[in-house]
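Asks: Residues per chain, in single letters:
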Amino acid sequence: MGLEEKLPSGVLLTSVEKVAGWARARSVWPATFGLACCAIELFQTGGPKHDLARFGMERASNTPRQADLMIVAGRVSQKMAPVLRQIYDQMSDPKWVISMGVCASSGGMFNNYAIVQGVDHVVPVDIYLPGCPPRPEMLLDSILKLHDKIMNMKLGKDRDRQITELEEARLSRPPLHVASPRGSRL
Amino acid sequence: MSGPAGPEETHGSEAPQGPRAGSGQQAEPPAAGASPAEADGDLPARLGEERLNAPVVRMGLFGVQGTPDTSGYGLLRVHRAAPIDSPRPYGSYFDELADALGSGLQAAGLGFSDAIERVVVDRGELTLHVRRERLTEVAVKLRDDPALRFELFSGVSGVHYLEDTGRELHAVYHLLSITHNRRVRLEVSVPDADPHIPSLTGVYPSSNWHERETWDFFGIIFDGHPALTRIEMPDDWRGHPQRKDYPLGGIPVEYRGAKIPPPEERRHYS
Amino acid sequence: MTDSVPHAPAGASDAEAAEGRVYTVSGEDWDELVAAANEARDFQSGERIVVNMGPQHPSTHGVLRLVLTLEGETVVEVRPAIGYLHTGIEKNMEYRTWTQGVTFCTRADYLMPLFNETAYCLAVERLLGIEDRIPERAQIIRVLVMELNRVTSHLGGIAPMGLELGASTIYTQGARLRERALDLLELITGLRMNHAYIRPGGVAQDLPPGALEGIRAFMDTAPRLLQDLHTLIDANPVFIGRNKGIAYLDLQACMALGVTGPILRSTGLPWDLRKSQPYCGYESYDFDVPVNDMCDAYGRYLIRMAEIEQSLKIARQCVDRIAARGAPGPSADPVMIRDAKIGWPAQLSLGPDGLGPSPEHIAHIMGQSMEALIHHFKLITEGFRVPAGQAYAAVESPRGELAAHVVSDGGTRPYRVHLRDPSFHHLQSVAAMCEGGMVADLIPAIASLDPVMGGVDR
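Protein chains in written order, with our numbering: chain A, 5 to 190; chain B, 38 to 307; chain C, 376 to 833.
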């Protein structure tokens, strides 16, 4: 996809973005990083009832070189974190990460010495999926949201602009402080 | 009996009779109050006196210091119960087992109490407290003697009693006899300053990983183990995580402006 | 503490010894060791290479790392390295109450969560001394959900077995049947996995209305689906070729290595804790223990399939028993022990705003009984106290003997909980099963052991 990255922004680039986004979203190959209990729900999602194959995702590429999406399913221990980072680094761009389950998103119920409190300490995460474990339907929902994100991803100069815009939006979002109606802090 | 404390007790100051009434267990009553000379030893006022000499186990309001104590539990001091030494007869198959082990050890030139410090029969289970020097001989006898035949090694794990100076680390072995359908537990106590126990890998090959795990989590060194290295924690980890003086290591959880401390720092009413 | 123990110097070094070079390894220096060994060229055959079948691998049944020394295609040495999923579950349980401990131990071996819970709860009940006061309805429900979990666990082992051999149809067919069993577990316990349903004193909730019909419907369709799996796999020449004669472990080896479960039963010894040391009322159920003497991966597969059928048989008996008891309600036929100081107080029900304590329960504690309110409060915040002592309770899990060693110091929190997991124990026998065989045989060998890394690492 090198040529498209070099195109100047304009109508041509927008059309290419649409086609590229559509193509990328249609067959995302997961590099399943199935670690613990969430991996079992991932395994069930690949089964006939909740079918990952309808998204073209049943071909879990076992080699990270050919994978697009890393679904970190399960608790990441301190010993496993460097391995996780190495697999992420071995994936080629464009790549996305879904942190499946609360253990991957935030350390979950295991707030202790052995578990990395959120896989975003190690790799950048696109979609956080809570649940212990999340149902297959929830995983499919997160994949659809990811597809939405992939389809709207821009290329080249537009991508740089998109990244800056998204970052500014997040920085200016107010923090989640909740004040009770009578003014006292919760 | 005074001496280093263990966790087993059949009487105590908290909920002694309620949940255990009508339970029909094999637990033997302790020796207290057995002799007629101490006839008033089992009066409620006198019960538990010997515990005042035992180390303090819990103080209530775990982890919270220096705050105004509104719970009323600030002055609670719970002492550890005296260790049980069950008298004969033990009941069930335990007597047979102890006799077979005794004669087996005798054949090897050892007395029963040379090897076994204490026998505890509690809640239908037999625990032999073995002296660490004799552990290998006891294990070989348990495995090979036809009346014993404890072929299956279930596992060894550690327990860390922080307050028991001189006997902090306990290694607990569980054995299963398929031939006789029996179980037995061996317990070896070692001090923190000298945490060496002979390895049982020569007797039971499958104790290999269990001993590595016990070393990893408690720091008990098994002499004679072919490769005593870390197994669960990363190779270069410092410290032994499941010891009581090792922190749980959580981080405070922040959500919408509130900060919840990690589990080990929360208030706890015990 | 580690500093007071003398270590080898960091980094691999070598020294001359009587029978060849000695390499001292102290951790995180595997690359240096391999480089030094290759440089020294003191391997007999030039073909010997050291390969890392790393923690991220599609076929190692989870995050298991195998360090293989290969001579061509033959495995000369295999060393499993574990710990990549270590969660500190046992230490975490020391900071929670006895009932909360169930939610932790259930996530140890995540393919058989209800067995973890049962082992732990049996040990706690033994410490409490209430083993014979557990209500019978609770015992029947425990057996029912455990056997359903056995079905899902075996399928969760057989389906990846097929996938790892490259047969994705076995995987989808296994997932298909497993999905129905999971639906059933969801109907009964509320969750598909990690249920936290079996608690000290009984079970959390009674069977919901419609559960018995749902279970019976599953029992009617399951045999056909199971037969589909049999037709697909049993006589499949590729499956047989890859599994027959592979991972041979006979009775002597199993006894030396302390192996239990389907692996031991594939050597001809019918050892099953449900028959020899029954718990939860298993002595009153009519079932067989599948056994064969093939000692190989194929034999273990056959035993697992047969155990699924036996589990369905037991589950049918459980359903009949519960149906025979009728539905007299929680006061006449409770599922939690009737002891105000121990039994979990709250009854949950589904209201307009979700699942919560049932209105009757709230009316009772708020309006009718101060004592009940106090018990409710104390049991949920503090938990019950367990008299000091230690107990070891073992159950026959789908993988072998799963046991919980629980130590109490008299308080409301466990002093120490150790889960003796069968997968941890059995992984030690990988070397005995695979050395001398081919690399490709490692996969079915490990699949036949069916290790679950959550239980291995806890």
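By construction, these hints were calculated from the structure, which means they are not laboratory data.
Some hints here could point you the wrong way.
Label-pair distances were calculated between CB atoms; the ranges are [unchecked claim]:
#, chain 1, residue 1, chain 2, residue 2, range
1, A, T18, B, E302, 32 to 40 Å
2, C, A806, B, G146, 48 to 56 Å
3, B, A264, C, R591, 52 to 60 Å
4, C, M741, B, P298, 26 to 34 Å
5, A, Q90, C, G447, 37 to 45 Å
6, C, G565, A, P98, 38 to 46 Å
7, B, G128, A, E141, 50 to 58 Å
Once the Cα atoms are required to be at most 30 Å apart in a straight line, the calculated DSS-like pairs of lysine-lysine come out as [what the hints assert, rightly or not]:
#, chain 1, residue 1, chain 2, residue 2
8, A, K149, A, K161
9, A, K158, A, K99
10, C, K688, C, K619
11, C, K688, B, K281
12, C, K716, B, K281
13, A, K161, A, K53
14, A, K53, C, K688
15, A, K53, A, K149
16, B, K296, C, K619
17, A, K53, A, K99
18, A, K99, A, K161
19, A, K22, A, K149
Here a beta-carbon is modelled for each residue, glycine too, at the ideal position from N, C-alpha and C.
Asks: Starting from A:K99, check that the Cα of A:K161 is at most 30 Å away, please.
Replies: holds (18 Å)
Asks: Taking the beta carbons of A:T18 and B:E302, is their distance inside 32 to 40 Å?
Replies: This hint is violated: roughly 54 Å between Cβ atoms.
Asks: When you take the CB atoms of C:A806 and B:G146, is the distance between them in 48 to 56 Å?
Replies: violated (36 Å)
Asks: Taking only the CA atoms, is the gap from A:K149 to A:K161 under or equal to 30 Å?
Replies: holds (24 Å)
Asks: Given the hint that A:K53 pairs with C:K688, test it: the Cα-Cα distance must not exceed 30 Å.
Replies: Distance ~26 Å between A:K53 and C:K688 Cα, so the pair holds.
Asks: Taking 26 to 34 Å as the hint, is the beta-carbon distance of C:M741 and B:P298 inside that range?
Replies: Distance hint for C:M741, B:P298 holds at roughly 31 Å.
Asks: Taking the beta carbons of A:Q90 and C:G447, is their distance inside 37 to 45 Å?
Replies: violated (28 Å)
Asks: Between B:K296 and C:K619, does the CA-CA distance stay at or below 30 Å?
Replies: Status violated; Cα separation ~57 Å.
Asks: Check the hint pairing A:K53 with A:K149 against an upper bound of 30 Å on the C-alpha distance.
Replies: holds (20 Å)
Asks: CA of C:K688 to CA of B:K281, is that 30 Å or under?
Replies: violated (46 Å)
Asks: Please work out if A:K53 and A:K99 have their alpha carbons no farther apart than 30 Å.
Replies: Holds: A:K53 and A:K99 sit about 27 Å apart, inside 30 Å.
Asks: Tell me if the straight-line CA distance from A:K158 to A:K99 falls inside 30 Å.
Replies: Since the Cα atoms of A:K158 and A:K99 sit roughly 14 Å apart, the hinted pair holds (cutoff 30 Å).
In the structure shown, a violation is registered for the earlier hints numbered 1, 2, 5, 11, 13, 16, in ascending order.
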